[in-house]
Each structure stands twice: as structure tokens, then as C-alpha cells.
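Now for the letters of each chain:
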Amino acid sequence: MNSNRRTRRLLGLGAATALVLASCESAPDAHVPMFSDGGLLRGGRALSREQLYLFEGGFALSQGADLLGDDLSVKTTRGTISLLSDRNAGFALLGAACLPDDRVVVEGYWQYPTRTEAGLVRLFVGPEELAHQLCLGQVPVPSPELELRGYYGNDDEFPALPLALHWQAELKPWRGRFFTVAHHGACEPTDHCGVAPNSLETLRLADRIGSNAVEVDVRATRDGIPILFHDPALSSALVSGLFCNGAIPDLSLAELRGNCALRYGEAIPTVGEALRSLIDETEIEGVYLDVKVPEAMLPTARVAAQVLAELEARNTNADARDDRSFGIVVAITTDDNLRAWHSMKATFEAEGLRVPPCLLEYDPDLVLSEGCVAWGPTWTDGTRVEDVQRLREAGAMTIFWTINQSEFIDKYLTRAVPNGIISARAALLFHRYQKLGTPPPVLAGAQQ
Amino acid sequence: VRGTAARAGCATVALLLGLVRPAAAQEGAAPEAARVAPASSSGAPAALELSGVLGPTLTFGEPANPQYARSSSRVGVLLGAVVAYRSSYFVAPRLEVDYAALASGESELPSGPWGDGGKLEQRLRTWVISPGVSGDLWRFRPRLGLGIAFVSQANEYAGQSHSSSQLSISTQLGLGFQLMESGPLRLDLDARLVGIPGAEVTFTSLGLMVRWDALRSVDD
Chain A
1 MNSNRRTRRL LGLGAATALV LASCESAPDA HVPMFSDGGL LRGGRALSRE
51 QLYLFEGGFA LSQGADLLGD DLSVKTTRGT ISLLSDRNAG FALLGAACLP
101 DDRVVVEGYW QYPTRTEAGL VRLFVGPEEL AHQLCLGQVP VPSPELELRG
151 YYGNDDEFPA LPLALHWQAE LKPWRGRFFT VAHHGACEPT DHCGVAPNSL
201 ETLRLADRIG SNAVEVDVRA TRDGIPILFH DPALSSALVS GLFCNGAIPD
251 LSLAELRGNC ALRYGEAIPT VGEALRSLID ETEIEGVYLD VKVPEAMLPT
301 ARVAAQVLAE LEARNTNADA RDDRSFGIVV AITTDDNLRA WHSMKATFEA
351 EGLRVPPCLL EYDPDLVLSE GCVAWGPTWT DGTRVEDVQR LREAGAMTIF
401 WTINQSEFID KYLTRAVPNG IISARAALLF HRYQKLGTPP PVLAGAQQ
Chain B
449 VRGTAARAGC ATVALLLGLV RPAAAQEGAA PEAARVAPAS SSGAPAALEL
499 SGVLGPTLTF GEPANPQYAR SSSRVGVLLG AVVAYRSSYF VAPRLEVDYA
549 ALASGESELP SGPWGDGGKL EQRLRTWVIS PGVSGDLWRF RPRLGLGIAF
599 VSQANEYAGQ SHSSSQLSIS TQLGLGFQLM ESGPLRLDLD ARLVGIPGAE
649 VTFTSLGLMV RWDALRSVDD
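Chains A and B supply the protein sequences, listed in that same order. Quick note: the numbering used here has the first sequence finishing at residue 448, numbered continuously throughout. Quick note: the numbering used here has the second sequence finishing at residue 668, numbered continuously throughout.
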């Protein structure tokens with residue numbers, strides 16, 4: 001009888017375990033709130049890119065501190081005003097438009113990426129004279145008079161909780177100086193942003209939530225096409241699809257794209273698609289290609305070299321309007337990858353191609369001997385202040401990976417003064433840099 | 449009334465999981481026959497049991513890109529063999545090896561970074577090796593397995609065939625119902641749910657299982 005009872009317990013426990021193990025991992029809930037009637041932006045005239053620069057700066061909150069803290073940083077990119085906070089790494093992504101009654105509305109949604117909370121925001125630009133200037137098409141200069149006043153809400157509720165921001169100061173230099181590097185895109189797989197890591201969609205979102213560079217993971221398909229994907233094999237943690245199975249090197253790009261979708265339905269992008277999307281559709285300044293396997297080194301370098309050549313042609317033509325500053329670094333993460341890098345260099349030299357810039361992750365001495373432009377140490381090895389300084393004097397940048405917690409971000413910003421940090425909490429990192437960071441010196445002759 | 453019903457429900461669940469003994473057993477009133485008979489609930493003698501199973505499968509999931517999919521079938525077939533020792537105790541250790549052709553499909557890809565468009569044919573298969581345990585409760589035979597699975601994905605595109613396989617743990621929940629018995633042979637209706645989480649494959653099957661007592665205990 002005892003054995004019966006034990007067996008039943010065992011079966012009961014086993015059944016529960018099996019159910020847990022059999023349960024599929026599903027993408028975290030993601031909800032991007034929207035105004036039910038489309039919002040006021042729909043009936044207004046969008047502000048120009050030049051006008052949006054007005055809103056950049058450090059702001060103090062006189063109302064709504066519960067949502068985004070006592071202060072926040074505001075940066076802008078094409079069509080977006082981003083409120084970046086260190087409260088729960090929260091952000092608000094807002095559009096701005098001049099309304100027929102001469103008011104300027106700034107509205108969109110706020111979100112805490114690590115939580116499910118999100119809601120709507122509707123603000124108006126004050127004072128009225130400033131709004132009037134914007135509606136006239138003028139580009140006013142930022143001043144302490146600038147305020148954004150209105151309401152926020154939770155979920156899809158109409159905004160009813162007061163929110164007021166007052167411009168305090170200009171941002172510290174960050175474009176081309178300090179890189180808030182998105183960790184394989186805007187968010188981690190467990191976040192609630194509604195975009196999958198290493199997708200084109202997450203790269204576009206990264207631009208909007210405070211990053212000015214992105215780190216992406218690169219592998220090569222069976223037919224030698226470099227793609228953005230983190231793991232060596234397909235798994236439910238990253239992809240879905242009835243026929244989406246196997247290891248990345250065993251599958252061609254056609255098979256991958258035909259059989260698989262990323263967790264929110266996005267396509268697995270090629271490195272070429274990602275680079276061109278970053279250049280054409282965002283204001284991201286650079287990309288860190290984390291080449292995961294030696295086999296991906298040569299095809300990745302070919303794509304990088306081709307895109308850089310296209311960019312150079314674009315920047316040297318007669319039309320200055322299409323000029324674009326954009327840097328690519330190919331990361332060397334292991335000795336195997338370093339050997340693949342050497343092999344690639346030999347191939348490139350034989351073919352007369354220009355070798356793309358490199359970043360070396362593990363040995364600061366090799367950074368210089370290999371002629372790389374940057375060092376990418378893991379933060380777990382400490383701040384390495386002397387190495388950072390030594391490399392800086394030699395003209396190389398330092399970009400730590402991957403720091404998401406506020407206390408460590410603060411420590412590395414203040415002690416090491418790096419050129420960038422990889423983080424999945426771009427809003428938090430951007431704002432902490434603005435509050436505590438020191439703009440790293442401009443490196444003479446260094447490529448971005 | 450609600451509290452009484454809840455207690456009754458909890459008691460039923462606890463009984464099923466063996467967490468409490470039935471009242472009669474608790475009071476030490478088990479009949480003599482129950483104490484001397486083999487503990488196997490079915491009353492069958494201990495034996496080394498060989499089984500074969502055949503049945504259709506239904507795989508959960510959908511093609512990832514319906515815009516490309518021309519046809520897909522999630523209905524397949526499972527063929528398996530089991531060796532088990534049906535002891536005179538409740539639990540019977542078992543080892544099951546199954547092969548299942550799970551799904552097939554056809555997609556039409558447009559031209560893209562992969563080159564010219566064309567027809568992509570897909571076939572999904574798996575081998576499951578699953579040690580486990582089962583128990584006999586009247587005519588029912590619940591079972592649990594935890595093992596490994598090789599999931600194989602074959603693709604044919606632009607005239608070239610390739611396949612890749614993935615190794616993952618597998619979990620299996622099953623329930624057999626004995627339909628008939630004739631000497632050393634038994635015929636069961638067999639239902640199962642198999643999860644292969646690492647490959648995101650989950651399928652169910654309802655088939656027929658033939659069991660044969662290859663070696664019976666002489667004590668019985």
C-alpha cells in the first residue's frame with residue numbers, strides 16, 4: 001500500500017513537472033496603448049526634424065513624478081520626442097504636431113519595459129508664444145520657459161493624471177561622443193516592448209528610446225549569408241513556426257525565412273538589411289557586429305565593407321542632403337574569431353578591399369596590435385580604469401558590455417568614463433549619463 | 449455547501465495523487481484478499497511486456513509565415529515500440545521508442561536576399577526515446593515519460609534537399625485503456641501528449657497499442 005501511495009505521488013509530481021516542461025515559452029505580453037480615436041496628432045501638422053531639437057534637454061517634473069521621477073532627459077529623433085527616465089527605465093515616445101488652433105500637441109505612450117505597465121500621454125507646449133512660433137514654422141531656441149503640460153493615463157484609459165515638465169538645461173554632448181549601445185536591440189527577450197531581439201523593428205525602436213548605437217548578434221546561414229541571430233540553434237525562446245527547427249549553420253536563408261518568424265512575427269534579418277535599415281530609417285550612429293562564430297567573419301566583413309563603400313559614395317556625391325554619419329565595428333570575441341579575422345584580412349588584401357574597423361573584446365593589448373578602433377570589455381572584470389585611459393591615449397575607444405542596473409551604470413560612468421556602454425536599459429543609461437556622466441574626449445583620428 | 453464541495457474536491461484530488469489513503473485503508477479494514485493479492489491493480493501477473501503502437505498524430509502550431517504557405521498538414525503518424533516490466537507492484541518501468549512523421553507543408557517564397565523565389569517543401573519528423581513509468585488502475589494505464597527527442601526538419605528548395613536535426617528533452621503524458629485481453633495479448637486504446645520544448649514541438653496522438661506478455665513471472 002505504501003508503494004502504491006508513493007507511486008501515485010510520484011505520478012502526480014511527474015505529471016505536474018511534465019506539464020510545466022511541456023508548456024511552451026511564449027513571448028511576454030506587450031501592449032502599446034493607442035488613442036482610440038487616433039489622437040490629436042492625426043489632425044495636426046507634424047513638426048519638422050529641426051523643430052524637434054527644441055525639446056532636447058534636461059527637464060524637471062512638477063507634476064507626474066510618480067510616473068517618470070523628479071527629472072528626466074529628452075532626446076529627439078525623426079518624428080519622435082523621447083522622454084527618458086531612470087524610474088523603472090521608463091520612457092515615453094511622443095509625436096508632436098501643430099494643431100489648427102495654434103496649440104502644439106505632444107502625445108504618444110509611456111512604458112516601463114520590464115513591466116507590463118504602459119499608458120497614454122498627451123501634453124501641450126507652453127508658453128503659447130512658443131507654440132505659435134512652432135506653428136509658424138520657426139525653429140525657436142530652447143529656454144527655461146519651455147514647458148510641456150498635460151496628462152498621462154494607464155493602459156488605454158484617456159489621460160487624466162497631471163504631468164508637467166519644465167526645461168532645465170541643455171543635454172551634455174552625446175552625439176558622436178557617448179554611445180548608449182542597445183543590447184541586441186531595444187529590449188531583452190523578457191521585456192514587454194513587443195519587439196523581438198535582433199529584429200529590424202527593435203533596431204528602429206532602439207533609436208527612439210535613447211540609443212545612438214546598437215549591438216547585434218551575427219551568425220551565418222548554410223549558404224553563407226550573415227544574419228542577426230543570437231543562439232546557435234532555433235528555439236522557442238526566440239522564434240516560432242511549425243517547421244522552424246534546426247541549427248543555424250544547417251539552414252539556408254530561404255529555409256529560415258520561409259519557416260521561421262521571430263517572437264512577435266518579425267522576419268530574421270540579414271546583416272545587410274539591418275545595416276541599411278539603420279542608415280536609412282534611423283539616426284543611429286554606429287553598429288557593433290558581435291560575430292558569434294568564425295564562419296560568419298568573412299561574409300559579415302564583406303557586407304560591412306560593401307555598406308561602408310555605399311555610404312562613402314553617398315557622402316561624397318554632390319548632394320549633401322543625403323550625407324549620413326555611420327560607423328561599423330566588427331567585434332572579435334575569441335581567439336578563434338581572431339584567427340578568422342586574420343584570414344578575412346588576407347582575403348580582403350588579396351581582393352583589394354578595405355578592411356572594416358574592428359573592436360576586440362577580451363585583450364586590451366591586442367586592440368592596439370590588431371589596429372582595432374575599440375575595446376569591448378565585459379563589465380564583470382571591473383572598471384579597468386588604467387586600461388581605459390591607456391587605450392584612450394592610444395586613440396581607441398572603450399565600450400563596456402552589458403550593464404542594466406542603475407548602480408553599476410553610475411559606477412562605470414563616473415570611474416571609467418567609457419566611450420559607451422551596452423545596455424538593454426537605454427532610457428536609464430541615457431539619463432544617468434546626462435546626470436552623472438562626463439563626456440569622453442573626442443578621439444583624434446579615431447574612426448567611429 | 450460550497451466549502452463542503454471544495455473539501456470533497458480536494459479529497460478526491462488528494463486520493464488520486466495518493467496523498468492520503470482511502471478511509472478503509474486508514475482504518476486498517478483492508479479485506480484479506482487485498483492483502484494477499486499482487487498489488488498490481490489490474491490483477492495481471494508480473495511480466496516482461498513488449499508492445500507496439502500505431503496511430504495518427506496531430507501537431508500543435510502553425511506555419512510561421514502564412515503569407516508564403518500554400519498548404520500544410522499537421523496530421524501525421526506515429527509508430528512505436530515499448531518494453532516494460534509489469535511488476536507485481538503498482539509501478540511498471542518502461543522504455544519507449546517512437547518515430548513520428550509529424551507534419552508536412554509547401555510554401556512559395558518570393559525572390560529575396562536568398563535569391564530567386566520558388567517552392568519550399570517542408571517535412572517535420574521526430575524520434576522520441578522515452579524512459580518512464582506506468583501504472584494499472586482497473587483498465588486504465590496512465591503513464592509518464594521523460595526522455596530525449598531528435599527532431600528532424602527536412603527542406604527542399606530550388607531542387608536541393610537538406611535536413612537538420614535538433615536534440616531536446618521530451619516529456620510524455622499518456623493514458624491507455626484496455627479494450628480486450630486474450631491470453632498474453634492485450635489491445636489498448638492509447639492517447640498521449642508529447643512535448644519537445646527545446647524544439648517547440650508538441651503533438652498528441654490517439655492510437656492502438658498491442659501488448660504481449662513475453663515473459664511471465666513463474667511465481668504468478
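FYI, nobody ran anything at the bench for these hints, they're computed from the structure. What you are looking at is a predicted structure, and each value in this text was computed from that prediction instead of being measured. Check each hint, because a few of them may be wrong.
[As the list claims (entries may be wrong)] Here are the computed lysine to aspartate or glutamate pairs in the DMTMM-like style, where the Cα-Cα straight-line distance is at most 20 angstroms:
1) A:Lys-172 to A:Asp-336
2) B:Lys-567 to A:Asp-250
3) A:Lys-435 to A:Asp-250
4) B:Lys-567 to A:Glu-56
[What the hints assert, rightly or not] Here are some chain A residues the structure puts well away from chain B; computed CB gaps all over 12 angstroms:
5) Thr-190
6) Ser-240
7) Pro-269
Heads up, the beta-carbon is just placed ideally off N, CA and C, and yes, glycines get one too.
Evaluated hints:
{"no.": "1", "hint": "A:Lys-172 to A:Asp-336", "in the structure": "violated (39 angstroms)"}
{"no.": "2", "hint": "B:Lys-567 to A:Asp-250", "in the structure": "holds (19 angstroms)"}
{"no.": "3", "hint": "A:Lys-435 to A:Asp-250", "in the structure": "violated (48 angstroms)"}
{"no.": "4", "hint": "B:Lys-567 to A:Glu-56", "in the structure": "violated (51 angstroms)"}
{"no.": "5", "hint": "Thr-190", "in the structure": "holds (17 angstroms)"}
{"no.": "6", "hint": "Ser-240", "in the structure": "violated (6 angstroms)"}
{"no.": "7", "hint": "Pro-269", "in the structure": "violated (9 angstroms)"}
Hints 1, 3, 4, 6, 7, counting from the list given before, are not met by this structure.
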